[in-house]
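Novice: When you get a sec, could you build the whole thing from the sequences and use the hints?
Chains as they are written, first to last, in the UniProt record's numbering: chain A, 1 to 471; chain B, 1 to 275; chain C, 1 to 340.
Hint data in this document are derived by calculation from the structure and do not stem from the laboratory. Please note that a few of the clues may not be correct.
Claimed, not checked - Now the stretches of chain A that chain C is said to cover, found in silico as 3 or more residues with beta-carbon under 8 Å:
no., region
1, 227 to 239
2, 251 to 263
Said to hold, decoys possible - Derived PhoX-like pairs: lysine-lysine, alpha-carbon spacing no greater than 25 Å straight-line:
no., chain 1, residue 1, chain 2, residue 2
3, A, K26, A, K317
4, A, K264, A, K317
5, A, K251, A, K317
6, A, K338, A, K328
7, A, K393, A, K449
8, A, K299, B, K252
9, B, K252, A, K449
10, A, K264, B, K252
11, A, K360, A, K449
As the list claims (entries may be wrong) - Far from chain C, some chain A residues (derived; all Cβ distances over 12 Å):
no., residue
12, T220
13, G222
14, F224
15, T342
Because the structure is a prediction, the values reported are computed rather than measured. Every residue gets a Cβ at the ideal spot worked out from N, C-alpha and C, and that includes glycine.
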Amino acid sequence: MVAFDEMTGSGSDIRPAYAELDRWLKEAPPETLALRRSQAELFFRRIGITFAVYGDEESTERLIPFDIIPRVLTKPEWTKLEAGLRQRVTALNMFLADVYGPKECLKAGIIPPDLVYGNACYQLEMVDFQVPHGIYCHIAGIDVVRVDADTFYVLEDNARTPSGVSYMMENREVMLRLFPELFATHRVAPVDNYPDQLLATLRSVAPRSAPSDPSICLLTPGQFNSAFYEHSFLADKLGVELVEGSDLLVKDDVVYMRTTQGPKRVDVIYRRIDDDFIDPLVFRGDSVLGVPGLIGAYKAGNVTLANAVGTGVADDKAVYSYMPEIVKFFTGEEPILKNVPTWRCREPEANAYVLDNLEKLVVKEVNGSGGYGMLVGPHANKAQIESFRKKLKASPEGFIAQPTLALSTCPTFVASGVAPRHVDLRPYVLSGANGISCVPGGLTRVALKEGSLVVNSSQGGGTKDTWVLDA
Amino acid sequence: MRIRISHSISYAYAEPARHITQILRLTPRDHDGQHVMSWRIEPTVDGRLRAGQDPYGNLIHTFSADGPIATLAIQVSGLIETTDLAGIVRGGIERVPPEVFRRDTLLSAPDEALRNFALETTREARTPLARMHALMDALHEEMTCQEPADRIGIGAAAAFAAREGIAQDLAHVFMACARHLGLPARYVSGYVAESQSLPHASGAHAWAEVHLDDYGWIGFDCANGLCPIDTHVRIASGLDYSDAAPVRGARKGGDGERLSVVVSARQAAGFQANQ
Amino acid sequence: MHNINGGIHPGRNADTPRPATKRPELTMLSRTADSLYWVSRYVERAEYLARILDATTRLTNLPHAYGGAGTEWQSAVSTAGCEEAFAKAYGEANERNVCDFLTFNPDNHSSIRNCLALARSNARAVRTALTSEMWDALNGAWLELQRFEKKRMDREEFARFLEWVKNVSLVFDGSAYRTMLRDDGYWFSRLGVYVERADNTARILDVKYHVLLPANEQVGGSLDYFQWTTVLREVSALTAYHWVYREAVKPLLIADLLILNRRMPRSLASCYENISRFLDALGDAYGRQGPAQRQARKTLANLNNTRIDDIFQHGLHEFISDFITENNRLGGTIIEQYLQ
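Specialist: Here it is, written out as structure tokens:
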């Protein structure tokens, strides 16, 4: 299986968008490149971008490798992709409003009701509750992969608390510092207005009763969370307080921050805590991260949570396979972005096929994330395949399977020099009462191991700056 | 049967609490098998007590009070008229479709042993109803029901492995099996009046309900080995104990909490009912 | 390389104050203030522990004829305020046990190691409230500490380690002084320094008060000189003493220097001058005075209106015990009023 290469396409000719970059790579002395790479690493260490890896006791703070060769998209490529993202996120929000409201898509048979009702992420607390301004998924991260010059697939919708946007911004910052000459020869669309857009989005969804300058905070699980750096980065860029659950208190259904001057009212919470942990009175009672009474305040309409509670039902991997129908049903349009063909193992014929073809397929746990609980058939050994076969037989409804996609490759610095490595892309889409916005590009993740298709940072993936060339 | 209930839940804190918020699921609703004649909830500390409903339609009260609070008791009392409907729950409020109750939860997730047990004990039974009866009988036989004093639930799989647990655990074990067999099952908290025919429970109790296409929701009380009769008073239901717990609370300060519970559920004499 | 080192700092930085529109009023999360307060306290405590160990080592290295009762190491543990925990972990108070307990022992809540670890983790939780210089000082110290921890240390290396700890405190304190915005965050951080410092100075006096009593002066004669100078060394005041009093070391004057002399930065009076000043700054900025301000002023007035002779007359030990209680109470009041 030969993958599409972002630089050379399917042949050996350099694609126009990469022409300048190719020339530069060939001309730059290797020592200079090596020096820049170590400077980049130093930069990341200095500013403290670290990533805690679960189960890795040795170092709870580790650096995600950064690759200095950017991934380049042309304006027309991005324009089409962005239209697809806007359509997809519009549909996600309409789907959520529907399953927690009139349930038209269930009545019309677009998606089996038990996939929704039986889903642990379908939050009963949200049924018939009107979220402020009707928006559920304010911040979405849509993972897309490219398979040829014209085709992007959506690999996964992240509708809960997608992370990584700080890397998107820091990657650009590093590139601007290290390679000013490249930015002189390329017109790269900026990404540093993301915090402004995010702030505008959050302000736009404040409860109607809130003052015109609503009080906003970012709720983090705390410094031991793997994305804590991002939380503090964003809070700082947004100019809002970074709070932990214990910093908030609820009184008479109103949320306050504990400050040195006493309680201060909060109108919008950008929360980076999962539903299950957000309010111990309603969800997991053993959660010490949450705020007792928060759901009561939310349902009284006194505070906006972004994202809304219960968005997880929309990015469930089993629901994912129905997304083309969902997009069509709610927007009345043909989906611009394709879905990866998916076998739903809950369907006996599909499962039979999957069991017969395990060594060719990628099998994913419906509720898994971060590349855990996943089988990449072509790269798996016998034991791994057999263990998944057992799991699939025991609880088929817990899995989906997809063909092994030839994710596009992008030139990447590795020990042996510059070599193609598989990449994906996570653009961030913001939805507010002020409309939808999406900064050009997103976070490109790269699988640094040769041939590997797993780009997750917890599994040895790295990141690249993503350039959308403006004309 | 007329059942008089009095339930007192008392907290004492070594270090007074600065703030307490509790969600109380301590109020019954009417259905065909039970009618609430009178009911009161009184906290012994001044605070805000607001009535509401949760997504399942359970009646809840949200209680919040500012400290310092050294002791707090929630006093519940009331009188219920019940009818024996052989466990069938009808004429109540159902806000959540039965499909929801197929989900596994933290407390009610089955393990391999439970899955096998569910299949083996119900193999002979021909109808879903018969399967549930077979399951209840088998669990009643297999598991020892412990008195709740000082014990907390340990979850379905652990309780089944130990072959013992409090009524809450038995309900979770039953639900785990029923869900594994493809039937919606839910957790019910309530009271059981003292009775000579029910050796295993009096006072606060818990059991399970299963949704069958032909009957709707039917209760199964593994601790007593029967479907709820007129001794059972239904308070709240949900996906598992945590959705139907009598009290869920959070507090600031208040280290060194000591809890004591006194419950009585007795058949009321005629003259008492008229008072 | 310069373009990197001069890189952006993700923090509220002295160089890049936040636009006024973002913080229209001076207020901060109680937890942030709490962490700033404790970061300073732990760094101050680490330095204090290093000084105790340094001074005790000196004292025990003297020939026996000059030394005290041989209880110097026990006394160091008492001065550090962790007798109970030490007794539980070790039997005998000898050099090895005490040094181990007060420096790297992870089970001792107040070992130098844990003080620096706690300072760093508090700092990490509120990183954007620190300047990058302060963070670098703490983070660098934490990394360096792990290198020290792995080494087998001889006496020389140990002395270098104690010097290094004092230096960490100096660098951190200096960074705070030179880079923090002068707003509530700075004031809480300073309060931590002075509440801790007052406690430390008072503890030394509490443990060593008997060597300062007039009776001892006659009995011990010059032998006590080394005990007295140890007290001064523990608060790095030996040179200061001579500058201030220009006479031989006398217990009464030592007590005066450490308790009442406002020129001496570690004296109780100086600490309370600062505590009161920073609490007043908070009260003014927030437009509200509270019990903490009142309490601090009362203690300060008391220190200003007392003469050292009065203290000795009424009992040095009682005075110090009362002070420690009051100072702890003020710590509690600050927490109650602002930090929770």
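Novice: All hints, please: hold or fail.
Specialist: Against the structure, the hints:
With 5 residues carrying a beta carbon less than 8 Å from a beta carbon of chain C, the region 227 to 239 of chain A meets the three-residue requirement, and the given coverage holds. For a cut-off of 8 Å, the count of residues in the region 251 to 263 of chain A with a CB near a CB of chain C stands at 5, and the three-residue condition holds. Distance check on the hinted pair: A/K26 and A/K317 sit about 42 Å apart at the alpha-carbon level, beyond 25 Å; violated. Between the alpha carbons of A/K264 and A/K317 the distance comes to roughly 40 Å, so the proposed pair goes past 25 Å and is violated.
Between A/K251 and A/K317, the direct Cα distance comes to roughly 38 Å. Violation of the 25 Å bound is thereby established for this hinted pair. Our distance criterion of 25 Å between C-alpha atoms is met by A/K338 and A/K328, whose separation comes to about 12 Å. Distance hint between A/K393 and A/K449 is unfulfilled; the C-alpha atoms sit about 31 Å from each other, more than 25 Å. This hinted pair checks out: A/K299 and B/K252 have alpha carbons roughly 23 Å apart, not beyond 25 Å.
Among the hinted pairs, B/K252 with A/K449 is inconsistent with the structure: their alpha-carbon atoms are about 49 Å apart, more than 25 Å. Of the supplied pair hints, the one linking A/K264 and B/K252 holds, its CA atoms being roughly 18 Å apart against a limit of 25 Å. Distance check on the hinted pair: A/K360 and A/K449 sit about 20 Å apart at the alpha-carbon level, within 25 Å; holds. With a least beta-carbon separation of about 10 Å from chain C, A/T220 fails to lie farther than 12 Å from that chain, contradicting its non-interface assignment.
With a closest Cβ-Cβ approach of about 7 Å to chain C, A/G222 is found to fall inside the 12 Å limit, against its non-interface label. The non-interface label for A/F224 is inconsistent with chain C: the shortest C-beta to C-beta separation is roughly 9 Å, within 12 Å. Interface exclusion of A/T342 from chain C stands, the closest Cβ pair being 39 Å apart, more than 12 Å.
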